[in-house]
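K.L.:
Here's the letter readout for the chains.
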Amino acid sequence: MDIKDMEEQSSYIRKNIAPSEPMLRTSRQSTYHWLYTHLFASPINALITLLLATLIIYIAKHLGKWVVLDAIWEGKDRTVCATKIQGGIQNNDWSGACWAFVKANYTQIIYGFYPPEHRWRVNLTGIIAITVNITFLMPSIPYKFINGFISLIIIPIFSWYLLHGGYLSLPLIDTQLWGGLMVTLTIAYISISISFIIGTLLALGRRSQISILRLLCILFIETLRGIPLVSILFIASIMFPLFIPHEITFDKLLRALIGIAIFTSVYIAEAIRGGLQAIPKSQYEAATSLGLKYTTIMCLIILPQAYRLVIPAIINILIGMLKETSLIYIVSMFDLLGMIRITSIQANWITPQTPATAFVTVAFVYWVLCFMMSRYAYFIEKRINLFKQPMIRSKNR
Amino acid sequence: MKGIKENSRIHAINIINVNKWLGKMHILRNMDFSVKFQERVALIGPSGSGKSTLLRCINALETFQKGKIIIEGTELNNTPKTIHLIRRRIGMVFQKFNLFPHLTVLENCTLAPIWVKKMNKKKAEEEAFFYLEKVKISDQATKYPIQLSGGQQQRVAIARSLCMKPRMMLFDEPTSALDPEMIQEILDLIMDLTKNGMTIICVTHKMSFARQLAHRIAFMDEGQILEENASDRFFSNPQHERTQIFLRKML
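Respectively, the protein sequence lines represent chains P and C. With the first letter of the first sequence counted as 1, position 311 gets the number 311 in the numbering used here; the numbers rise by one all the way through. With the first letter of the second sequence counted as 1, position 237 gets the number 1237 in the numbering used here; the numbers rise by one all the way through.
Chain C with its partners taken away, still in its complex shape (with noise of 0.2 Å):
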């Protein structure tokens, strides 16, 4: 109990020995893994391999039958209340966006901040054209997600989960259903949002994307992970046979 305490000083999300099983496959499998405060760690790997289901134990979207996942100190475990706490801390950003398609952008921004936050209209719209602005779209605050093209609809996604003033940030692909020329305006986004320290996990299957945005890159296959390093030395010099497999294949 006092070493995972102490871990939490240091540690945004802890994961002990998470098992994951959807019917008969085993999804997670003894899974372990930590992030520090203000770290982005990328997870890479084959499709099917777990990482979005990773990410989505963290954010309680899906539940996992043994282990432990622990956030700034708070166990995740299945009471609302919990939840309610753990998913204020986080933030999440979706591969196709998820936008409120009968709401105006700026209706999607402070749709959480009035109802969750019981924040006041006035200051709840202030602070969504704050947040507009930064991923530079306010002036399409009064349009439909429909109107929107891919990429200007996944900053919006970006600037929702930011109005929430998030601690931390869950990528689930976020460029996979964007236009190539879009991926760099996103990363640049992701990358200048998240200066002034966010921590972040970001499931990506760009490799480029990962090895600037990431701190610390994970690779992950069949439910675990099997090697993770620092940015430049897991690319450099890949250890495990499918990590030199996949990126291989990859780059």
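Same shape as in the complex, but just chain P (with noise of 0.2 Å):
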């Protein structure tokens, strides 16, 4: 045969471009296939599906009747909750969650024993933080350095000022008065704001190239790193106040606010360091290449770029930091969770079943918390995900 003629017959053979054409949808799949290919698959799958189902509505079932069905929500005291045999009004064998107790005492556990009067501070404080950082923490607000310079070191600051007082006409409120939910919430804040900065500059410190630095650097993460949070409490707590004279008062909640952030900075610090350790070298020598400083280059391109990769860890590292405030109990300060234990041992209000609603509330609340801020990582997480991969280019380049 010609090679002309095969030439004519080969139809796979391309004469014109073909022209691109939109994606074929394919016909979303019945309920039933998904049960089907999910769920009960193999005999071993379906087995599991079902205990696995049982399970969920056996807890669903207990937990839904105690938190909900059997629950008080109205009550001016203890008797509500308590069955007849303990003195209250149910029958002997209810139980369910007292929401009553956490309704009655709520401001309590909110703002501990800070004077009813200067609650506003509290809530001016929240207000401002919560509205500086919602800007700090979305990625397309620009200014993200001067928003940054607010968010960690003006609003601490200004925090510790205004719920400390003692200045102008600011009656001075002492800190132990302070409790409840704005205790946890301030020194939460205020460590992660210094074991940022802290945490930043250790990593920086422990890749520097002055080699004494550099060793007291890795010195100090190492000796932290070794150290439980409780012992660095007492420390900061007991100890502490013996080392330095007697005029100088320190607080005691700054004290472990200050154990707390230097505790977790360390833990940033070597997040941090993978972060730096994954920038290649090129990035440093085409920035020195064009004649910009150590400061620059770190603050303007290297930096930038590490804390998108640590983000998701650093976050990690701060969901910990929170739950782990709840320790400062050791050292006989209220934070929510103490300031709910107390709470609920009140003479007027103990019954066996307001502990129990007590620490499913606090649990309720952390979680809350801690959700926020896992969510708020995977967010990041997808974001810097997406910026990795190659785009689509659009067609006019």
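Just so you know, these hints were derived from the structure itself, not from any lab. Careful, some of the hints might be misleading.
[To be verified] Derived DEER-like restraints, expressed as beta-carbon distance ranges:
hint, chain 1, residue 1, chain 2, residue 2, range
1, C, H1026, P, N385, 43 to 51 Å
2, P, P245, C, P1101, 46 to 54 Å
3, P, L137, C, R1216, 50 to 58 Å
4, C, T1142, P, K323, 38 to 46 Å
5, P, K323, C, P1101, 33 to 41 Å
6, P, I17, C, D1139, 23 to 31 Å
7, C, H1205, P, I210, 35 to 43 Å
[To be verified] Taking lysine-lysine and the DSBU-like style, the derived pairs with C-alpha atoms no more than 35 Å apart in a straight line are:
hint, chain 1, residue 1, chain 2, residue 2
8, C, K1122, P, K293
9, C, K1143, C, K1165
10, P, K293, C, K1118
11, C, K1249, P, K281
12, C, K1068, P, K281
13, P, K382, P, K293
14, C, K1136, P, K281
15, C, K1024, P, K281
16, C, K1081, C, K1122
17, C, K1165, P, K144
18, C, K1123, P, K281
19, C, K1165, C, K1066
20, C, K1081, P, K144
21, C, K1143, P, K293
22, C, K1121, P, K382
23, C, K1036, P, K281
[Stated by the list, open to error] If the Cβ cut is set under 8 Å, some of the chain C residues that face chain P in the computed set are:
hint, residue
24, R1088
25, N1098
26, P1101
Backbone N, C-alpha and C define an ideal beta-carbon position, used for all residues, glycine too.
With the hints as a guide, dock the two chains, each given alone in a separate frame, to form the complex.
P.N.:
Okay, here's the thing in structure tokens:
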């Protein structure tokens, strides 16, 4: 056969460029099909599905009964949540959550013993911090530098002075009176700010060219990583005052706070160091060859890239830290957990159900806070991945 | 001393007896080399012959143990001030572009003028657009490097260096990471940009590229220059045995 004939016959060789067509849409699969492939694909698969479903239904039924159906929502004191034997009004086989207790004591759970006429200070701090941080955490809003400065430095200092007072017309409110959710959030927020800054400096120090600085940073990080938080808090609250002169009084809450911040900062330093190591050397080289100096290179080129890589890891550390703040009860400060505990055992509310209700409430509040942080980490992670993938190029390039 | 001063009038870069070791490896061996003002030199040679290292030593990205490098009469030593001065005079373009991925094309170009030259943002952007126009990529100014093709990224990298208005440019294998189709484009661009007489040293594996670009070609192997000659004579009549073998393989 002639070659020319072959060419004519071979229809798979394109004479013209085929136009691009829109993607084919597959028809949506039925619910039945989804159930079949995901839950009942094989006998074992079906068995596991049924077992787990039974377990979920069992737990949900009992929990739902305790939390909602048998719960007490209204009431003035312990009698509504106690059985007749315990001196209350409920039947002897009753068991349910005592939401009336939470309702009656929520101000104390939030503000501790902070004087009621000054609670606006707490609210104001909260509103300002939330507003500023929403703008800081939204990636699309520019001026991250100024915003970060306000979030990490101005707000912690400002909120400390506003809450603590003792100047102008703001009366001093001793930190012994602080308590509840506001202490948890204040400690968490200020610790996050401090530890973020110190962590960054430690990470940079650990990679510094100056060997004495590097050595000190390594020593600091490795020492603190080897000490449990509980002992750091004890050192901060009991041993620290022994070292400083008597005239200087250092607030107890502040000491605990700094302890937590420094403890967290070494973990953050290690996370950031991981991020710094992931930035290729060529980035430094390109930047130095343009004549940029160390500080500029770090602030504008290396750290912004490193932070993006480690935000999920940092938030993971911060979630752990938020929950560890409850350890300050050992230095007799009352955070959310401590406050709700002492509230639940006060004479006019104590019943077998109140502590249980209290712990469920606390667990829920912590969960909401942590879940928010975790969702944010997830959102950032997705955004970074999107940023890394080569996007579909525009037609008119 | 007088000799050096006189040399510096005609020589943009003077490399005198430079030695570099990396561990036990002797990477640059008694290197003597000089580049005149407005001269374009291509460094060729097998991989690992020290071409890139030499280039990076000129820009103080790497240090050397012995010898002198004199750039426009300024001796390169390890003081931050000298290094800063020299880096401001020299632009460098890398094999893998090394753009800053978190900044847009425009921000990549304005970063150094703003922070090193303390130029105001508006003026820096105007100048950046001028150079982006020159490398024919100004329509992509708001995109991020990841959204561009390799050739486009390299053009941005060239524009970024030009924004600092360097007197010399070092190219470290500027086309090695590009599609063959893009190579000619980048070559034309470099030729076009350097018509006005910029001093250039270019490390390359592309012989045709070297031949078109350079006035003079130097062949390096094992940390030393084995042969250098004017562009056409180098290719038509290589003297050293190693050069002959190398060229036979490349062409």
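K.L.:
The structure should be examined with respect to each hint, and the outcome stated for every one.
P.N.:
Structure-based check of each hint:
1. H1026(C) to N385(P): 43 to 51 Å: This hint holds: roughly 45 Å between Cβ atoms.
2. P245(P) to P1101(C): 46 to 54 Å: holds, 52 Å
3. L137(P) to R1216(C): 50 to 58 Å: Hint holds: Cβ distance 57 Å, inside 50 to 58 Å.
4. T1142(C) to K323(P): 38 to 46 Å: Once the Cβ atoms are compared, 43 Å apart, the range 38 to 46 Å for K323(P) and T1142(C) holds.
5. K323(P) to P1101(C): 33 to 41 Å: Distance hint for K323(P), P1101(C) holds at roughly 35 Å.
6. I17(P) to D1139(C): 23 to 31 Å: Holds: the Cβ-Cβ distance is about 25 Å, inside 23 to 31 Å.
7. H1205(C) to I210(P): 35 to 43 Å: With a Cβ separation near 39 Å, H1205(C) and I210(P) satisfy 35 to 43 Å, so the hint holds.
8. K1122(C) to K293(P): OK: K1122(C) and K293(P) at ~22 Å, within 35 Å.
9. K1143(C) to K1165(C): holds, 23 Å
10. K293(P) to K1118(C): holds, 13 Å
11. K1249(C) to K281(P): Given pair K1249(C), K281(P) holds - Cα atoms ~33 Å apart, limit 35 Å.
12. K1068(C) to K281(P): holds, 26 Å
13. K382(P) to K293(P): holds, 32 Å
14. K1136(C) to K281(P): holds, 29 Å
15. K1024(C) to K281(P): holds, 23 Å
16. K1081(C) to K1122(C): holds, 28 Å
17. K1165(C) to K144(P): Status holds; Cα separation ~30 Å.
18. K1123(C) to K281(P): Between K1123(C) and K281(P) the Cα gap is close to 30 Å, so the pair holds against 35 Å.
19. K1165(C) to K1066(C): This hinted pair holds, its Cα atoms lying about 30 Å apart.
20. K1081(C) to K144(P): Distance of about 31 Å is within 35 Å: holds.
21. K1143(C) to K293(P): holds, 26 Å
22. K1121(C) to K382(P): Answer holds: K1121(C) to K382(P) is near 32 Å, not above 35 Å.
23. K1036(C) to K281(P): holds, 31 Å
24. R1088: Holds. Min distance 5 Å.
25. N1098: Given a least distance of 4 Å, the restraint on N1098(C) holds.
26. P1101: holds, 7 Å
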